[in-house]
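K.L.:
If you read the sequences in order, they're chains A and B. The first sequence stops at residue 232 when you use the working numbering, and every number in between is there. The second sequence stops at residue 397 when you use the working numbering, and every number in between is there.
It cannot be assumed that every hint is accurate.
Over the 10 Å line for every Cβ pair with chain B, so calculated as not near, a few chain A residues [said to hold, decoys possible]: (1) C122; (2) M137; (3) I148; (4) R217; (5) D224.
Calculated lysine-lysine pairs in the DSBU-like style (CA-CA distance at most 30 Å, straight line) [as the list claims (entries may be wrong)]: (6) K220(B) x K51(A); (7) K219(A) x K33(B); (8) K255(B) x K221(A).
Not the full set, but computed from the structure, chain A residues with beta-carbon under 8 Å of chain B [claimed, not checked]: (9) S80; (10) H112; (11) L115; (12) D131; (13) N212.
Derived by calculation from the structure, the hints in this document are not laboratory data. Cβ atoms here follow ideal geometry from the backbone N, Cα and C, with glycine treated the same way.
In case you want the letters, here they are:
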Amino acid sequence: MDKLTIAMPKGRIFEEAYELLVKAGFDLPEELDDSRKLIVEAPNEGFRFILSKPMDVPVYVEHGVADIGIAGKDVLLEQARDIHELLDLEISRCYIATAGLPDTAMDEMTPRIATKYPDIASQFFRSRGEQVEIIELNGSIELAPMIGLAERIVDIVSTGKTLKENGLVEYDKIVDITSRLIANPVSYRLKQKRIDEIVERLRK
Amino acid sequence: MTIQMFEKPLGMRDDFPSIVKRKSKLSKVGIKIMEQFGYEMLQTPSLEYYETIGKISAIADNQLFKLLDNQGQTLVLRPDMTSPIARVAASKLLKEKMPVRLGYYSNVFRAQLREGGRPAEFEQIGVELIGDESLYADAEVILLATEILRGLKVESGRIVIGHTQLLQEVLRGYGLDAALAEKLRAEMVAKNKVAYENMVDTLVDDAETKSSLKMIMNTTRLEDWEQWIDQTDPVQRSLYEDIRKLKTILDRNGLADFVTYDLSFTSHMTYYTGMVFEIYGEGSGFPLGNGGRYDGLMKQFGLHVGATGFSLRVDRLLEAMPAEQENPEQTLILYNEKNEENAHKEAEKLRTAGTRVTLQFAPAVKAQEEFSSLFSKVIRMDGENNG
Chain A
29 MDKLTIAMPK GRIFEEAYEL LVKAGFDLPE ELDDSRKLIV EAPNEGFRFI LSKPMDVPVY
89 VEHGVADIGI AGKDVLLEQA RDIHELLDLE ISRCYIATAG LPDTAMDEMT PRIATKYPDI
149 ASQFFRSRGE QVEIIELNGS IELAPMIGLA ERIVDIVSTG KTLKENGLVE YDKIVDITSR
209 LIANPVSYRL KQKRIDEIVE RLRK
Chain B
11 MTIQMFEKPL GMRDDFPSIV KRKSKLSKVG IKIMEQFGYE MLQTPSLEYY ETIGKISAIA
71 DNQLFKLLDN QGQTLVLRPD MTSPIARVAA SKLLKEKMPV RLGYYSNVFR AQLREGGRPA
131 EFEQIGVELI GDESLYADAE VILLATEILR GLKVESGRIV IGHTQLLQEV LRGYGLDAAL
191 AEKLRAEMVA KNKVAYENMV DTLVDDAETK SSLKMIMNTT RLEDWEQWID QTDPVQRSLY
251 EDIRKLKTIL DRNGLADFVT YDLSFTSHMT YYTGMVFEIY GEGSGFPLGN GGRYDGLMKQ
311 FGLHVGATGF SLRVDRLLEA MPAEQENPEQ TLILYNEKNE ENAHKEAEKL RTAGTRVTLQ
371 FAPAVKAQEE FSSLFSKVIR MDGENNG
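From just these sequences and the hints, can you work out the full model?
P.N.:
Following this line, the structure appears as structure tokens:
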């Protein structure tokens, strides 16, 4: 049996995704995430897991070094890579929204928007015909309005707790996010039977 | 912006001797097979008018390299070979010889929008069979493409075949409005099953239509297609009949296990009007090439004839081809001033016998040992002893 390489996001999504695979009846080793290994084998199923940064999963899959992978829709929207989206796993549910300090209006000329998702943010404001300046940050986005870097942020909201703790309120919901099973277009064709079978088992 | 001495424009690459060697071998094998099938090689200019080729080619506008000529006309570096060849074929010169079989090995230019390391200039090898509307022409180009892969020793290739017109007829058969059908088609192109299924769920009411539409995305065998074909519709019936005959021919040529028939497989290139296919191989994470029937493109040049063809990407073929260990013998003759004439004679003798010989004036080489180590054999004619 050919080995199937699966790119998995480390961290938050990993446990949910792994549990999903176990529930679908795949025979996987018990704990995986606690090791610092980057590549983990599941010999009974012929799987090889690559553990990567969530943002990098679509990169591995697009280049075909991973056959399939699990990636958040936020990352897929931001990167618009050439991959097949096979299944909505309906885990790690959250959404992308704009937020800012309460009762503030955006600057009329060119409001500044801080975000980890410059493409999604830019598309959203363009679709509303608003000209904005996008400021890309890599983390702690909530800081931006508090210290006067930006008037709004565009970020992931899951419970809204982080926003609240930092005294921010949500303004517009942009799009719902869940994790997806994605496939490399070539792998999908060369290993279609196996990949389709995984999709069917996860669907149940 | 200052440009560093070694910098090249985004997406442009230097090909080193080892790559050039492999490419020339690839082109030799490819061209030979195309010629054996009766295709004649054609070259078209690197620059074309934006108004014609630029707009007709299916490459997105923001991927075109545009420039102005001294008349102020907008030109493009050719983004593909299919449209220039269609232009040539539609001209008076070749119109009378139809059907014409033309092949090419050419570089094309497509500006990269992301990840600057990807090539913006790359070679394609392919053919166009123009002036034949029959399925036999479609079968011929697919067989030719697989023959080239075989010639290049690309193992475990796989072909996916769809049919754009038949798919459109099937979608029309559901009575969907044109805009919705186009949206569904766009998700099929991206193979985004999630978005496709959501769209069907929210926009289609009838439960039976829903489940039947969803299933289209999962077809792999030609027999699967039958459940969507309306046998009372003469157009659908005849298109399906054609693709069945095509399958018979491919099966007869040993391709039964290598072809997937996916009714939902279609192309973003709107000029494809019939059978479309894509080729994959182990070793490259990207498709090796694609092709199909593009009668619609010929119409844009005012010619109502059939046309079908394919193109393979050379850079991806190189990835999928087995690595070769072959290292040809390369002899070095090091000479000094005194032996210059004799060295030339010796070299000529060896070259006539088929050896590759590098002649080098010894005092001009600073690091003789390192330089000599690049050769399989060294002949000293510079007064030193053979090491």
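K.L.:
If a hint holds in the structure, say so; if it doesn't, say that too.
P.N.:
Structure-based check of each hint:
1. The claim that C122(A) lies off the interface holds: its Cβ sits roughly 16 Å from the closest Cβ of chain B, which is beyond the 10 Å cut-off.
2. The Cβ of M137(A) sits about 28 Å from the closest Cβ of chain B, beyond the 10 Å cut-off, so the non-interface label holds.
3. Listed as a non-interface residue, I148(A) keeps its Cβ farther than 10 Å from every Cβ of chain B; the least gap is roughly 15 Å.
4. Not every CB of chain B lies more than 10 Å from the CB of R217(A), the least distance being 5 Å, so the non-interface label is violated.
5. With a minimum CB-CB distance of about 7 Å to chain B, D224(A) fails to clear the 10 Å threshold, and the non-interface call is violated.
6. For the hint pairing K220(B) with K51(A), the CA-to-CA distance comes to about 28 Å; that is within 30 Å, so the pair holds.
7. For a cut-off of 30 Å, the pair hint linking K219(A) to K33(B) stands: about 29 Å separates their Cα positions.
8. Using a Cα cut-off of 30 Å, the hinted pair K255(B) and K221(A) holds, with the two alpha carbons roughly 25 Å apart.
9. Annotation: S80(A) was flagged as interfacial toward chain B, and the flag is violated, the nearest CB pair being 16 Å apart, outside 8 Å.
10. With 8 Å as the threshold, the beta carbon of H112(A) comes within range of chain B, its nearest partner Cβ sitting at about 4 Å, so the hint holds.
11. Among the interface hints, the one on L115(A) holds; its C-beta lies about 7 Å from the nearest C-beta in chain B, closer than the 8 Å criterion.
12. With its C-beta approaching chain B no nearer than about 35 Å, D131(A) sits outside the 8 Å limit, and its interface hint is violated.
13. Because the closest C-beta pair between N212(A) and chain B is about 6 Å apart, less than 8 Å, the hint holds.
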